[in-house]
Amino acid sequence: MATPKPRVKVPKSAAAGEVITIKTLISHEMESGQRKDKQGDTIPRKIINKFTCDFNGQPVFSCDIDPAISANPYFEFNAKVAESGTFKFAWVDDDGSVYETEKQIEVK
Amino acid sequence: MNRKLAAIGAGAVLACALALPAALAEPVEETLSIDGVEMTTRTKAAEGLPFDDVLSGWLFREAETRALEADSFENPGMLYVERGEEIWNTVEGAAGKSCASCHDDAAESMAGVAAHYPTWDADSERPINIELQIDKCRVEQMGLEPYKFDAGEQKALTTFIKHQSLGEPVELDLGEGQMQSWWEHGKERYYLRTGQLNLACASCHEANSGQHIRADHLSQGQANGFPTYRLKQANMVSLHNRFRGCIRDTRAEFPDAFSDELMALEVYVTWRGTGLSVETPAVRQ
Numbered sequence: 003m004a005t006p007k008p009r010v011k012v013p014k015s016a017a018a019g020e021v022i023t024i025k026t027l028i029s030h031e032m033e034s035g036q037r038k039d040k041q042g043d044t045i046p047r048k049i050i051n052k053f054t055c056d057f058n059g060q061p062v063f064s065c066d067i068d069p070a071i072s073a074n075p076y077f078e079f080n081a082k083v084a085e086s087g088t089f090k091f092a093w094v095d096d097d098g099s100v101y102e103t104e105k106q107i108e109v110k
Numbered sequence: 065m066n067r068k069l070a071a072i073g074a075g076a077v078l079a080c081a082l083a084l085p086a087a088l089a090e091p092v093e094e095t096l097s098i099d100g101v102e103m104t105t106r107t108k109a110a111e112g113l114p115f116d117d118v119l120s121g122w123l124f125r126e127a128e129t130r131a132l133e134a135d136s137f138e139n140p141g142m143l144y145v146e147r148g149e150e151i152w153n154t155v156e157g158a159a160g161k162s163c164a165s166c167h168d169d170a171a172e173s174m175a176g177v178a179a180h181y182p183t184w185d186a187d188s189e190r191p192i193n194i195e196l197q198i199d200k201c202r203v204e205q206m207g208l209e210p211y212k213f214d215a216g217e218q219k220a221l222t223t224f225i226k227h228q229s230l231g232e233p234v235e236l237d238l239g240e241g242q243m244q245s246w247w248e249h250g251k252e253r254y255y256l257r258t259g260q261l262n263l264a265c266a267s268c269h270e271a272n273s274g275q276h277i278r279a280d281h282l283s284q285g286q287a288n289g290f291p292t293y294r295l296k297q298a299n300m301v302s303l304h305n306r307f308r309g310c311i312r313d314t315r316a317e318f319p320d321a322f323s324d325e326l327m328a329l330e331v332y333v334t335w336r337g338t339g340l341s342v343e344t345p346a347v348r349q
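Protein sequences, first through last, are from chains A and B.
Everything in the first sequence is counted per the working numbering, starting at 3 for the first residue and increasing by one.
Everything in the second sequence is counted per the working numbering, starting at 65 for the first residue and increasing by one.
Isolated chain A (complex conformation) (with noise of 0.2 Å):
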């Protein structure tokens, strides 16, 4: 496929203390390392290796990722908010790429 895309939902507002559900998808291949191909060489592995989410700065959730995730992996997770600010996501790939979004919320 073409170059990862993530995508992420996040509610655009909540109240102060409120328990949200994140929810993250981004497209890879998450080639294992494992298969071979027609020649029986090996497929290098090239999969997202960690994932993290941090909040106006401070971590929410982090996960290191192996290769027996499936493709397109898809990563659901609750944060309380206090205040207004912003989601911060990143994938890293084996190949050392970074894919990043973000997300606005705002806290009333």
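Think of the hints as simulated: they come from the structure by calculation, not from any bench.
Backbone N, C-alpha and C fix where the C-beta goes; we use that ideal spot for every residue, glycine too.
Take the hints with a grain of salt, since some may be wrong.
[Said to hold, decoys possible] Here are some chain A residues pointing at chain B (derived, C-beta under 8 Å):
| id | residue |
| --- | --- |
| 1 | LYS7 |
| 2 | ARG9 |
| 3 | LYS11 |
| 4 | LYS25 |
| 5 | LEU27 |
| 6 | SER29 |
| 7 | SER72 |
| 8 | ASN74 |
| 9 | TYR76 |
[Stated by the list, open to error] Here are the simulated DSS-like cross-link-like pairs (lysine-lysine), alpha carbons at most 25 Å apart as the crow flies:
| id | chain 1 | residue 1 | chain 2 | residue 2 |
| --- | --- | --- | --- | --- |
| 10 | B | LYS212 | A | LYS40 |
| 11 | A | LYS48 | A | LYS82 |
| 12 | B | LYS296 | A | LYS48 |
Once you have looked at the hints, place chain B on chain A.
Leaving out everything else, chain B in the frame of chain A:
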């Protein structure tokens, strides 16, 4: 109803434990709504079909798989819809055109269109599906080569175009050109037993629909959700890929994609799902 009684009878003869999976094998009685829009996943079968109702494959899948399709954010097939939209707007080829140069906004120009494909193509005197329609545009309008079968771009663009008909009921015009005779050829192919296993499409998807074939819950084999996101491949799977896969599994030689044989089958199988909503991109096992 007779089939259900027979299944219970057979289960009792074998072992009581077998009766339980047989009971669980019924399609679910649930409604699918995608982002609040209700889909028709169960409707009265067209005249001539041996079922009372035609059922979308969605009703035969596990709860987790069904949930993936019901939320357009979680549905991984939507990634390919987005990719298809990029292709739609990308200028390519000698004529310096994109799909959008002629068709503008797909949300308007393509709305409901794919629910009536395959359709009769007077130029080539055969039915064409969305993939072939795209190729026709590429060759005649854009000065490009046709896509190689199942190229990533072909699947993404087909998915994007079919997605514009989401929720639209499938309905073919068999009165056009020679669609009726293609339909009849497709029907013959559907009931033709092939391969070392001597199976026809109907052996699984008609006679044993609702039963399990090892771990797989046999649906009616409807075409309304294609191209579908298959979790097994973690990718989009086109209808002709699925046809070839099924025929291969009967241990028969399988025809080329878009060959006369498979186009006739597409006409017939699509017709069997008349009235079901287009679900592209559906999510399947």
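Hints, one by one, checked against the model:
Taking 8 Å as the C-beta cut-off, the interface hint given for LYS7/A holds, the closest approach to chain B being about 7 Å. With 8 Å as the threshold, the beta carbon of ARG9/A comes within range of chain B, its nearest partner Cβ sitting at about 7 Å, so the hint holds. Hint status for LYS11/A: holds, given a least beta-carbon distance of 5 Å to chain B, under 8 Å. Here the hint on LYS25/A is kept, as its CB sits about 6 Å from the closest CB of chain B, short of 8 Å.
The closest approach between the C-beta of LEU27/A and any C-beta of chain B is roughly 7 Å, which is under the 8 Å cut-off, so the hint is satisfied. A cut of 8 Å between beta carbons decides the hint on SER29/A: the least distance to chain B is about 4 Å, and the hint holds. Here the hint on SER72/A is kept, as its CB sits about 5 Å from the closest CB of chain B, short of 8 Å. Taking 8 Å as the C-beta contact cut-off toward chain B, the hint placing ASN74/A at the interface holds, the least distance being around 4 Å.
Residue-level restraint check for TYR76/A holds (minimum Cβ-Cβ distance to chain B is 6 Å; threshold 8 Å). Restraint check for LYS212/B and LYS40/A: satisfied, since their Cα atoms lie roughly 19 Å apart, inside the 25 Å limit. At roughly 33 Å between alpha-carbon atoms, LYS48/A and LYS82/A are farther apart than 25 Å, so this suggested pair is violated. For the proposed pair LYS296/B and LYS48/A, the alpha carbon gap of about 19 Å is at most 25 Å, so the pair holds.
Violated hints amount to a single one, hint 11; each of the other numbered hints is respected by the structure.
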